[in-house]
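Using the sequences provided together with the hints, build the complete structure.
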Amino acid sequence: MAVDVATIESQPARAAPSEAAQQLALRERLLIARLRRRDERAFTELVRLHQDRVYDLCVRMLNDREEAFDVAQEVFVSLHAALGQFRGDSRLSTWIFKVAKNHCLNRLKYLGRRQRGRTDELSDVPEGELAEHQQGPNPQEALLGKEQQARVQAAIARLPDEQRLLVVLRDIEGLTYDEIVQITEQPEGTVKSRLHRARAALAEILGPNDQEGRR
Amino acid sequence: MNELGHSEVQGLYSAYVEHELPVGELEKLVEHLESCDGCTVALERFEASLDAVRQLPRERAPANLARQVLRRVRHRNRRRAAVLPYLTGQFHLPAEAIIPIVLAAAIALLIHALQ
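These protein sequence lines map, in sequence, to chains A and B. If you use this note's numbering, the first sequence corresponds to residues 1 to 215, in order. If you use this note's numbering, the second sequence corresponds to residues 1001 to 1115, in order.
In short, the hints are calculated from the structure, not lab data. Some hints could be false.
Claimed, not checked - Which bits of chain B does chain A cover? Going by a derived footprint, with three or more residues having C-beta under 8 Å, they are: (1) 1009-1015; (2) 1040-1048; (3) 1100-1113.
The C-beta atom is built at its ideal place from N, Cα and C for all residues, glycine as well.
Written out as structure tokens, the structure is:
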């Protein structure tokens, strides 16, 4: 039976482990054992279980779907090569996020050196994709929704890399502070103060329009 | 009297929205907000932008991502399998290939020495 990783993993850490979370932990143990035996089917399952979250992190960090697709592939190829190094002292998803974070930051440095990178604006969204994302019967409503999302994504893209990473991990991926500390290798106090600065900067960038949009 | 200044109050917004403020600090925050329109508006803006970020729809990986990953992994494995014998010294040339190479090298050395 497929278990929704994103839903379970976004639950607060202080909540008692649910039946589904226990199932996930057991399935993960088995998956790790199979991965260590270089079982290709297990690796395919690992990719399928985590690809959406890894890709989402890459898109948010790089603000470019093409780059994100390439980096997400590199993340999984690196994971495959490093399977023997996974000691199991953190959750598999935490380890995967850590590898993904390193790849994203490295790619950003590389792109920075090459002065590349583009804003993935509404105009870049193909019409078919826009229709796919329509949220209501009214196309104009859907367009406004897409415009708003593009505005928020553009605001996130303006943050410094380290701050953007924290916003993505906490406010989009819904990870716990314990997990974020393991991924970023920064003390919890630093994580919280940087995240606060990032959120304050976003509020500043998005300005009062966003508040009106919510009402 | 408010004990906290505007910047101190606004520095507590993350802890406030995550319900992490101890009661004492929460009380000071509420006292300040009750009498400060500027900080109240700033808090509304802070919450609104946080909501907007949290409501962003997740990006779904392209359908061919897993297939592309497996292709890259297999390609990498094939490359490693081809190079590994050279790196580990397990690769041996057959005698019929070694003899002409050794002869050619010897002739080249002889010519070089005679010049």
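Structure-based check of each hint:
1. 1009-1015: Per the Cβ count (5), the hint holds.
2. 1040-1048: It holds, with 5 qualifying residues against the three required.
3. 1100-1113: Coverage by chain A is violated here, the residue count being 0 at a Cβ distance below 8 Å.
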